[in-house]
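Trainee: In case you want the letters, here they are:
Number of protein chains: 2
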Amino acid sequence: MVNYPTKRSTPATKINKTSFGHRGMNLEDDLNQTNQYYLDLNMANIHKKPTPITIVKVDYPTRSKSKITEAYFNVPSTTDYNGVYRGKAIDFEAKEIGRLTSFPMSKVHPHQIKHMENIVHHGGIAFIIMRFTGMDETYLVFIQDMLDYIKTSQRKSLPYEWVKSNCHLIPYTLTPPVHYLKVLDETIFKGVHR
Amino acid sequence: MVNYPTKRSTPATKINKTSFGHRGMNLEDDLNQTNQYYLDLNMANIHKKPTPITIVKVDYPTRSKSKITEAYFNVPSTTDYNGVYRGKAIDFEAKEIGRLTSFPMSKVHPHQIKHMENIVHHGGIAFIIMRFTGMDETYLVFIQDMLDYIKTSQRKSLPYEWVKSNCHLIPYTLTPPVHYLKVLDETIFKGVHR
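Just so you know, the sequences run in chain order H and V.
Just so you know, we're using my numbering here: the first sequence kicks off at 1 and counts up by one.
Just so you know, we're using my numbering here: the second sequence kicks off at 1 and counts up by one.
Just so you know, these hints were derived from the structure itself, not from any lab.
Do not take every clue at face value.
[Stated by the list, open to error] Residues from chain H shown here face chain V by an in silico Cβ test under 10 Å; the list is partial:
{"hint": "1", "residue": "I53"}
{"hint": "2", "residue": "V58"}
{"hint": "3", "residue": "Y172"}
[Stated by the list, open to error] If the Cβ cut is set under 8 Å, some of the chain V residues that face chain H in the computed set are:
{"hint": "4", "residue": "H47"}
{"hint": "5", "residue": "K49"}
{"hint": "6", "residue": "T51"}
{"hint": "7", "residue": "I53"}
{"hint": "8", "residue": "S66"}
{"hint": "9", "residue": "K67"}
{"hint": "10", "residue": "T69"}
{"hint": "11", "residue": "N82"}
{"hint": "12", "residue": "H122"}
{"hint": "13", "residue": "G124"}
{"hint": "14", "residue": "L174"}
{"hint": "15", "residue": "G191"}
Treat the numbers as computed from the prediction; the structure is a model and nothing was measured.
For every residue, glycine included, the Cβ atom is placed at its ideal position computed from N, Cα and C.
Assemble the whole structure, with the sequences as input and the hints as a guide.
Mentor: Printed below as a string of structure tokens:
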């Protein structure tokens, strides 16, 4: 049985390591590198999903190559990343917050939140990876913790201070740049035989 | 512990129910309906991934709407469908075979096969759903069974007779049209407490 983290005043695991000077890569690039690292080292199989679009027109300039000439972005109904780690389905969304000092809930679509709750209901692990660019800090926030806070506090954003005290700092390392599976090892999989 | 099906001369479960007259929907539409049904009835959370494309040019005719004017299809590196069911990561590819009497392995890209093997390695469940349109029959083939056969027989296709005897027929029902989770219940999850 895995230890699902529940609401608590102090986090079960808090990684106190300071993040080192970050090279200004964006979160998506860092996560792509991290997922490739996990794949190469046979640690996990987690991928970014393609951008959901509606294709309207396709040209066939040559027999082998098709060129999309009209398409539109769709509102995503699921999250950006999913896969499998240590037998569990992993599902998450990643957001950069710039220089704000709180994470606005409007950054995540309500159906994405509903989707993540549903993943947890079916036995998967769902979370948001948020980077406060101003602080150069990246956190992993379990969807249940976030929803508990939102419901209790009636707020429309997660203040940086709350994130700092209740969420899981992902230390910056060179390889991989965003080692978020370490957080899962130290929380959900804590004490679980590999 | 789940019962992973292994190579065998007779299948652990063979659904002998005859498929009823099918209404000529294509497999992708049937699977979308099926996954929506699973989602609505809170049985599983499985989605088709968006088509992977590379976006080259985007126009912004209005402030709110972006129009993609040049994009190309990518070779998919993963499968088309994934999600979570009964706590396990689910990953599969779906292929229609038309009136052929064997499933050509060339229908699935080698990196998709490698991807599915990797999913199983990490504890997920991976398979191919194949529809022999000519016979109006849809089968679920576990990736391990397929690879075992390919390695042993040195063939480049799966003959219909082999599929019929060794794979799992998905009976056609109206709701849902392709009830593939039933096959998982009767094989991998057989005897596993829900």
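Trainee: Against each hint, give a clear statement of whether it holds in the structure.
Mentor: Comparing the hints with the structure gives:
1. I53: holds, 6 Å
2. V58: Holds. Min distance 9 Å.
3. Y172: Violated. Min distance 25 Å.
4. H47: H47/V check passes; min Cβ-Cβ to chain H is 5 Å, inside 8 Å.
5. K49: holds, 5 Å
6. T51: With a closest approach of 6 Å, the T51/V hint holds.
7. I53: holds, 6 Å
8. S66: holds, 6 Å
9. K67: OK, holds: K67/V within 8 Å of chain H, min 6 Å.
10. T69: Status holds, d = 6 Å.
11. N82: holds, 6 Å
12. H122: holds, 5 Å
13. G124: Holds, because the Cβ-Cβ distance from G124/V to chain H comes to roughly 4 Å (cut-off 8 Å).
14. L174: Check failed: Cβ of L174/V comes no nearer than 24 Å to chain H, outside 8 Å.
15. G191: violated, 18 Å
In this structure, the earlier hints numbered 3, 14, 15 are contradicted, and the remaining ones agree with it.
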